[in-house]
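Student: These two chains come separately, so use the hints to put the complex back together.
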Amino acid sequence: MCVTCGCSDDSETTITNPQTGEKIEMKTQNHQPHSHTHTLADGTVVTHSHQHTSTVPKTETKGSEIHAKIHGNTIELEQAILGKNNLIAAQNRGWFKGRNILALNLVSSPGSGKTTLLTRTINDLKSKLTFSVIEGDQETVNDAEKIRSTGCNVVQINTGTGCHLEAAMVERGCEELNPPLNSIVMIENVGNLVCPALFDLGEQAKVAILSVTEGEDKPIKYPHMFRASQVMILTKIDLLPYVQFDVQRCLDYARQVNPKMQIFQVSASTGEGLETWYNWLESQSQQL
Amino acid sequence: MHELGITQNIVAIVSEHARGAPVKRVTLEIGKLSAIMPDAIRFCFDVCTQGTVLEGATLEIIEVVGLGKCRQCGTEVPLDQPFGICQTCNSVELDIIQGEELNIKEMEVEELCA
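Just so you know, the protein sequences line up as chains A and B, in that order. Residue numbering for the first sequence is 1 to 288, as defined by my numbering. Residue numbering for the second sequence is 1 to 114, as defined by my numbering.
Excised from the complex, chain B in its bound form (with noise of 0.2 Å):
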């Protein structure tokens, strides 16, 4: 459950830069192959976000595709898993070049004014 940690991480982050301001929405982006399950950080978002300003903000996550690109040939390979074979060349020499995303990509607070 490594989702908690990472929770915890989105949670601290998110109330640093809403500097006490209620928070409503969160938007993550967390790629296919970074080794974090959604459903996981949506069980998780919940727990921690109680007593914090983000208690009660919506949790928005953008899954990205996996996307590999072949270091012989150069052809691009979608990936379910960190690894995979060229379709043109039968290559297993796949650089990652999308699906490892784990980013917080926006957050839409309550501002309050001076």
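With the rest of the complex left out, here is chain A (with noise of 0.2 Å):
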């Protein structure tokens, strides 16, 4: 509708018809050019007119900022701030799909350990799953280099200011990577266990890691990405002995938060309970 004088206007609306290549304009009513006065405030009186065509392009004039003036117009907008965000996200989702792509984000605060057990992970089940890495960092390629030590493909993400990775990086990621057929692509996100949890990036599921040298109320001080998370890794549980960490109520914390999250208690060290973290990966890759 033109806000102007509300009548159906020239939208430009095109169908095509891809069989034959054609292109149809839709034709709206023609409306006759017309004329309308205002009185401002002041008592200047601005009359012009209105021309309803598209081929007339739109320009400011003194009269029509006068004009702008009196109407305020509000548009209603609906829109979500995250949908560009959401919608790469859907179209990378797509893409793991058509290819078999088993994607997971790792989440976590700095130095939980996500990339020590991502190598670890690697170089145990690399006989018998193919892995790429998306690695996200805001400086170094520190982290690549530890994976490409693996011999696996990795392509690092520097965010530079940026706390998370989102969807646009890692489809601009996975072009760079090109991960073959039914393999499993895993994105180690920025260490920060608060803004990635807004973030799609396409993935199957987040696997939240969370280290035993940390506190055993991280699920329900981040309440937001333990919510987010299928998953959660207990890591680094060769050192309960040294540290004082209550296994069982940051369980029971975790299942507050997020009752249906699957977690395993691993320690990528000693490689104690890393057999169910490997059994749980082979299942949902066989499962795509």
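Wrong hints could be hidden among the right ones.
To be verified - Here's a subset of chain A near chain B, in silico, CB distances under 8 Å, partners left out:
hint, residue
1, N73
2, I75
3, E76
4, I81
5, H224
No lab work stands behind these hints, which were simulated from the structure alone. Glycine included, each C-beta is placed from N, C-alpha and C at the ideal position.
Tutor: Here it is, written out as structure tokens:
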């Protein structure tokens, strides 16, 4: 609808038929140019006309500027602020699905041992499964080099001042990475338990990693992340004798935030508990 | 400070819809369970809008309270954080049905006539 006079406008809608290559422009009823008058608060009378022809470029004139002062115009948007990211994430999800790829988004605070767990997982399973890795960090390619030493393909995304990966970065990363069909793409997010919860990357599941050197109440301190994750891996359990960490309490908190969360307890240095995590990975990649 | 990036998104979306017209008001809908702090958005808004069509625009934020619904018995439970316990049956299996909103509801522009 034309916001000026309420008539149907020339929205220049076209219908394209890909079979014939025909492009049809939808015509709307021609409405007559008309003029109208406004009286400004200071008594100035402004009369101007509206040309309803789409070919006339819209130019700002002095008259229209005055006119604009009268027409306050409310536009209902109802648009999701993260809509653009969600759309690209949905495209990524389709891209992964089409290639039969299991994509996992690994999230945690810095220093929880994501990279160590990932390197160990790749080394232990590389004879059975094909991995590719997207590494997200604010700076440096250190993590990518660690992953590269396992022989697996990796791209590093440096977010600079950004504190999380976004779907568009993963899209670009996948173009570079070109992961093979029927493989696993591990996306190691920037170490941060806040923002990555908000940004869908197109992954099948978020995997939250929590180490026993952190507080056992992390799941309720950062509930958004633990609620958004389908899996939690409690790492560094070989250190339990040396730290004050109540495992049962941590699990209770985690289940309180997310009753359906799958939880694994592992140590990437001794290998304890890794079998359960590996079994889950294998079953997930077979279920695709 | 993910609110900075979020605010930049808001400015980008609104600018796109404004098509060059000055924007007078932007109304957002932010759920209490959305992990976004309205105060931080307000703080970033003034910075992010400088030199754009949104400069000087009023920012209105409608905060939506959190509400969960029990999967077991269907009771609706008010929530301050994205988890909780059903008051009726003590289940922790709650679906969040309200409070995760993160929307630009509407904007007011000074419409320029053709």
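Student: Compare the structure with each hint and give your call.
Tutor: Hint check:
Annotation: interface hint on A/N73 holds; nearest CB of chain B at approximately 4 Å, less than 8 Å. About 5 Å separates the beta-carbon of A/I75 from the nearest beta-carbon of chain B, less than 8 Å, and the hint is met. Taking 8 Å as the C-beta cut-off, the interface hint given for A/E76 holds, the closest approach to chain B being about 5 Å. The beta carbon of A/I81 is positioned within 8 Å of a beta carbon in chain B (closest approach about 5 Å), and the interface hint is therefore held.
A hinted interface residue such as A/H224 counts as satisfied when its beta carbon comes closer than 8 Å to some beta carbon of chain B; here the least separation is about 5 Å, so the hint holds.
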